[in-house]
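> Here the protein sequences come in this chain order: D and W. At position 13 of the first sequence the residue is numbered 13 (the numbering used here), and the sequence of numbers has no breaks. The numbering used here runs 94 ahead of the 1-based position in the second sequence.
FYI, nobody ran anything at the bench for these hints, they're computed from the structure. Bear in mind that the values here come from a model prediction, so they are computed numbers and not experimental data. Worth double-checking, as some hints may not be accurate.
Unchecked claim - To spell it out: a stretch of chain D is covered by chain W in this simulated footprint if at least three of its residues, at any positions, have a beta carbon under 8 Å from a beta carbon of chain W; those stretches are:
no. : region
1   : 5 to 19
2   : 65 to 75
Said to hold, decoys possible - Partial chain W-side listing against chain D, Cβ under 7 Å, derived:
no. : residue
3   : G159
4   : Y189
5   : H249
6   : P252
7   : V254
8   : Y281
Unchecked claim - Derived DSS-like pairs (lysine-lysine); straight-line CA-CA distance at most 27 Å:
no. : chain 1 : residue 1 : chain 2 : residue 2
9   : D       : K87       : W       : K326
10  : W       : K109      : D       : K92
11  : D       : K48       : W       : K109
12  : W       : K326      : D       : K48
13  : W       : K393      : D       : K48
14  : W       : K247      : D       : K87
15  : D       : K53       : W       : K208
16  : W       : K324      : D       : K87
Backbone N, C-alpha and C fix where the C-beta goes; we use that ideal spot for every residue, glycine too.
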Amino acid sequence: MENNIQHADIYAIALHHRFQWEEAQQSYVILFPEGMVKLHGGAGEILKRVDGKASVGDIVADLKTTFPDAEDIESDILGMFDLAVGKAWLRKLN
Amino acid sequence: MAQLNNGVAASVTQKQPLWLLAEVTYRCPLHCAFCYNPTDYDKHTKNELTTEQWISALRDARKMGAIQLGISGGEPLLRDDIEEIVAEAHKLGYYSNLITSGVGLTEKRIQAFKEGGLDHIQLSMHDVTEDISNFITNTRTFELKKKVAAMIKSHGYPMVLNVVIHRYNIDQVGKILEMAEALGADYVELANTQYYGWSLVNRDQLMPTREQLDRAEAATNAFRERVGNKMKVFFVVPDYFADRPKKCMNGWGEVFMIVTANGDVLPCHSARVLPGMTFPNVRENGLEWAWKESPAFTKYRGMEWMKEPCRSCDEKENDLGGCRCQSYLLSGDAEMADPVCTKSPNRHLIDEALVNSQNPLVREQPIIFRTDKNSKKYVEGDKERIAQFHALP
Ligand code: SF4
Ligand code: SF4
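This is chain D alone, in the form it adopts within the complex (with noise of 0.2 Å):
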């Protein structure tokens, strides 16, 4: 599934759509015309470490720190991306 996704990529949020904490939400979630995504925890913490400057590969290993206690936490976060891909609310930069 994830056969895409590159460590090297870089991506960004979409254009047209925001990515902010909601607070009434407790979570992140994505805006874009017409509607909304809401992040769950895991979600929100990778999508959040997406700026258009961090590669694939930073951001796994970032999170990879972050929560040492995590199992198989790279696929995890390559099939989100693969997912966010797929649905437009990321571009990619490279």
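Please build the complex by placing chain W with the ligands on the supplied structure of chain D, with the hints as guidance.
This is chain W with the ligands only, laid out in the frame that chain D set:
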């Protein structure tokens, strides 16, 4: 709304008003036959909320969890304080959307919207051909829309086109999509007319045939295949052609909160049509009370209110029994299963309407355009038929 997906992205779970729809005015320079505004809108054009009242409503709704803000009407640009409202919405953290016919959008105003932080503009287009467009809107505004579309694009806004589909333009869906592509649209909503308000009055004249619908869907799919992800096309099928109703407004009092020009707070556009209901108003009741406790919002929230066949139906969570207003408007019983449902004892009303719309004698009746004069007639005749749904995919 996103669906549950690998456990990472999910739609809303608790009942918070995520979507605030501000129908800031019912005044409008156009006279669309398919308008979903109340047929008695004339009596709502007075007594509009002030700028300050709108701003405090935005604040309160935001505290309750609202994130998406739709500013619509009528034609919202007929108010001269939209710039102020938009700027405040941005400060509060809303994702804001101006829904306009484009009439009144100038270079100066769009620049102010951009600076104020408006997130997107949804432009309603009627057709590719000037003739049909001007026929249906009863005005010569089509050229202007093309200019406005270019203006929206040049200010870096996503180009969201909403095209209301009916018998007179459904055969040109392919061309409409090509035009949208040429204008640089990012999203296109092909919203088949839903029959409430003015469009219900004109139902027999507006309803396409099943064959037209099938051809339009095929044209849409062919277009999608060619263009791919570059442009998102939503095709909203009219529910008369389905055998299960839509989950109206994503559920009564679940996600949407509408504040009307005069401050009434509604769970759906057309709720005012229902008998024996009193709606809260922001001038007297707080939004929080309106959402959580007002009788209007609690009445049809969830499934408690249902009777048979919905009550024991194993599909009730899918559609929550459909639309209360449609049920009332067509059958006189607000609590019955939506007549669209084939399990509803009222399904024959839909089938008859489908047959009628094919009857040349009925369908050639003149269309009643939305005008102040016609609206007064409806106020007097107390034939209150209000609107529903803004097509949201
Ligand atoms: S549908 Fe037409 S008449 Fe109705 S509010 Fe929209 S632009 Fe105005
Ligand atoms: S019977 Fe009622 S709940 Fe069941 S599918 Fe029909 S409308 Fe929905």
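> Quickly compare the C-alpha distance for K53/D and K208/W to 27 Å and report which way the hint goes.
The hint holds at about 26 Å.
> Keeping to a limit of 27 Å between CA atoms, is the pair of K247/W and K87/D held or broken?
Satisfied, since the Cα-Cα distance of roughly 23 Å is no more than 27 Å.
> Between the alpha carbons of K393/W and K48/D, is the straight-line distance 27 Å or under?
Violated, at roughly 40 Å.
> Double-check Y281/W for me: the hint is only fine if its C-beta lies closer than 7 Å to a C-beta in chain D.
holds (6 Å)
> Is the straight-line distance between the alpha-carbon of K324/W and that of K87/D 27 Å or less?
Cα-Cα ~12 Å, so holds.
> Quick check on P252/W please, does its C-beta sit within 7 Å of some C-beta on chain D?
holds (4 Å)
> If you draw a straight line from the CA of K109/W to the CA of K92/D, is it 27 Å or shorter?
violated (35 Å)
> Within a Cα-Cα threshold of 27 Å, do K87/D and K326/W meet the stated pairing?
holds (11 Å)
> If you take the shortest Cβ to Cβ gap from H249/W to chain D, is it below 7 Å?
violated (12 Å)
> Less than 7 Å between beta-carbons is the criterion; does Y189/W satisfy it with respect to chain D?
holds (4 Å)
> So, G159/W near chain D? Judge it on the closest CB pair being under 7 Å.
holds (3 Å)
> Would the hint on V254/W stand, with a C-beta cut-off of 7 Å toward chain D?
holds (5 Å)
Checked against the numbered hints given earlier, this structure breaks hints 2, 5, 10 and 13; the rest are met.
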